[in-house]
Amino acid sequence: GDTIPLLESYADWAKAGLEEKPACCYSWGDPNTLESHGLLFNWYAVNDERGLCPEGWEFGDWSELEKTLGEDEVGYKIRSKGDWPQVGVHNEGTDEVGLNIMPLGGGRTQWGTYRLANKHWSIQTGKRQSTHVSAGQVVCFWSGKTSYGYPNVRIIKPYNTIRHSWHTPEPYHTKMGDGIYVRCMKSH
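Following my numbering, the numbering of the sequence shown begins with 1 at its first residue and continues without gaps.
The set of hints was computed from the structure by calculation and includes no laboratory data.
All C-beta atoms, glycine included, are put in the ideal place defined by N, C-alpha and C.
Certain hints may be false.
Quick list of the computed label-pair ranges, beta carbon to beta carbon [stated by the list, open to error]:
no.	residue 1	residue 2	range
1	T113	K21	26 to 32 angstroms
2	G149	E8	24 to 30 angstroms
3	E19	V97	33 to 39 angstroms
4	P31	T68	30 to 36 angstroms
With the hints as constraints, model all of the structure from the sequences given.
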């Protein structure tokens, strides 16, 4: 497939978002994280008609994963074992499906800065919220749908403040120029 530009500078990243062009970057701007973390992609790369995932794989819709594993337990079942901070009960995952989801951080803003803590607009309340967690306690993935003109994301963290659950990924929407992780799943 076509190459997605790997953008490192804040200015280049912001420009790609403003021009609605696909882009990717290293997690925390560090090439040494490629093997362990993968890349962050903006929505324009994820939503490109040419497809982001390799042949035989597809961009997974999180609602399908939630339906398959149980909406109230999916966060617990996809978290890696041994990598999550002990903030409360049941933070460790079971990794039942082999996704090995680790707490890699909140991604990159549309302006190029990296998120240490996530601030987002809640889909449920329509108000700006802060998750009050930092890198090593959270990870975000594009979910494949849009709400109110913004792409949806699932944030996996120790505790879902909206649903008051230790096991459920928290939905929110973000800007299309933000850099967020992607999970490709084998095609059916």
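Item to check | Hint check for T68 and P31 - Cβ pair distance inside 30 to 36 angstroms | outcome: Roughly 34 angstroms apart at Cβ, these two residues keep to the hinted range, so it holds.
Next on the checklist: Given the hint of 24 to 30 angstroms, is the C-beta distance from G149 to E8 inside that range or not?
Outcome noted: 29 angstroms, holds
Checklist entry - Between E19 and V97, does the beta-carbon spacing fit 33 to 39 angstroms? => result 37 angstroms, holds
Item to check | C-beta pair T113, K21: status relative to the range 26 to 32 angstroms that was hinted | outcome: 19 angstroms, violated
Violated hints amount to a single one, hint 1; each of the other numbered hints is respected by the structure.
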